Amino acid sequence: MNKKLLIVDDEAHIRMLIEQTLEDLEDEGVQLLFADNGEAALSIIQKEKPDLVFLDVMMPKMNGMEVCQRVKKELKLTDTYIILLTAKGQEVDRQKGLDMGADKYMTKPFDPDEMFEIAEEILMK
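First residue of the sequence shown? That's 1 in the UniProt record's numbering, and the numbers climb one at a time after it.
Since the hints were made in silico from the structure, they are not lab data.
Note that this is a predicted model, so its numbers are computed, not measured.
Do not take every clue at face value.
[To be verified] Derived DEER-like restraints, expressed as beta-carbon distance ranges:
no., residue 1, residue 2, range
1, 3, 114, 13 to 21 Å
2, 91, 12, 25 to 33 Å
3, 61, 88, 17 to 25 Å
4, 32, 113, 15 to 23 Å
5, 96, 24, 18 to 26 Å
6, 27, 88, 31 to 39 Å
7, 95, 31, 28 to 36 Å
8, 99, 16, 17 to 25 Å
9, 61, 125, 31 to 39 Å
10, 79, 99, 18 to 26 Å
11, 28, 91, 30 to 38 Å
12, 2, 78, 16 to 24 Å
13, 58, 111, 17 to 25 Å
[Unchecked claim] With a Cα cut of at most 25 Å, we get these calculated SDA-like pairs of lysine to any residue:
no., residue 1, residue 2
14, 47, 87
15, 4, 121
16, 3, 23
The C-beta atom is built at its ideal place from N, Cα and C for all residues, glycine as well.
Construct all of the structure, not just a fragment, from the sequences and the given hints.
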């Protein structure tokens with residue numbers, strides 16, 4: 001299996017936390033990729049076409065909503081499953097994220113077990 005998972009967050013400690021949460025997937029052949037801003041994320045998504053992206057919303061250069069919209073609506077990478085991560089848990093924010101093309105919306109602080117289960121479900125299907 002040659003699956004790719006991209007972790008995008010401008011905060012290094014959050015990237016590390018997500019990596020620690022998901023590193024067991026590497027034993028299943030999943031390659032973990034990382035970006036620390038929206039522009040870098042978009043570039044990696046275009047080049048690597050990851051199967052799953054955990055995408056922070058609030059980031060410099062290009063926010064997660066913009067990245068999501070570009071990937072889904074302009075690049076038409078509909079097979080790339082995008083989960084937006086945000087501290088904003090209001091319904092209006094969730095709806096905006098889904099309107100931009102996000103497949104799922106998770107509120108920080110997230111449950112590592114839930115995150116792993118979701119990643120495993122998406123990548124192992």
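For each hint, the structure was consulted:
A C-beta distance of roughly 19 Å is found between residue 3 and residue 114, which places it inside the suggested range of 13 to 21 Å. Distance hint check: the CB atoms of residue 91 and residue 12 are about 30 Å apart, consistent with the given range 25 to 33 Å. For the pair residue 61 and residue 88, the supplied restraint of 17 to 25 Å holds, since their beta-carbon distance comes to about 19 Å. For residue 32 paired with residue 113, a C-beta distance near 18 Å keeps the hint of 15 to 23 Å intact.
In this structure the supplied range 18 to 26 Å is violated for residue 96 paired with residue 24, their Cβ-Cβ distance being about 32 Å. For residue 27 and residue 88, the hinted distance range of 31 to 39 Å is satisfied, since their beta carbons lie about 34 Å from each other. The hinted window of 28 to 36 Å between residue 95 and residue 31 holds, with their beta carbons roughly 32 Å apart. With their beta carbons about 31 Å apart, residue 99 and residue 16 fall outside the hinted range of 17 to 25 Å.
Hint check: residue 61 to residue 125, Cβ distance near 32 Å, so the stated range 31 to 39 Å holds. Here the CB-CB span from residue 79 to residue 99 is close to 19 Å, well matched to the stated 18 to 26 Å. A C-beta distance of roughly 34 Å is found between residue 28 and residue 91, which places it inside the suggested range of 30 to 38 Å. Judged by the Cβ atoms, the range 16 to 24 Å given for residue 2 and residue 78 holds: they are separated by roughly 19 Å.
Taken as a hint, the range 17 to 25 Å holds for the pair residue 58 and residue 111, whose Cβ atoms sit roughly 20 Å apart. Straight-line distance between C-alpha atoms of residue 47 and residue 87 comes to about 28 Å, which puts the hinted pair past the 25 Å bound. Taken as a hint, the residue 4 and residue 121 pair is honoured in the structure, with Cα atoms around 14 Å apart against an allowance of 25 Å. Note on residue 3 and residue 23: the hinted pairing holds, with a Cα-Cα distance of about 13 Å set against a maximum of 25 Å.
Checked against the numbered hints above, the structure breaks hints 5, 8, 14 and satisfies the rest.
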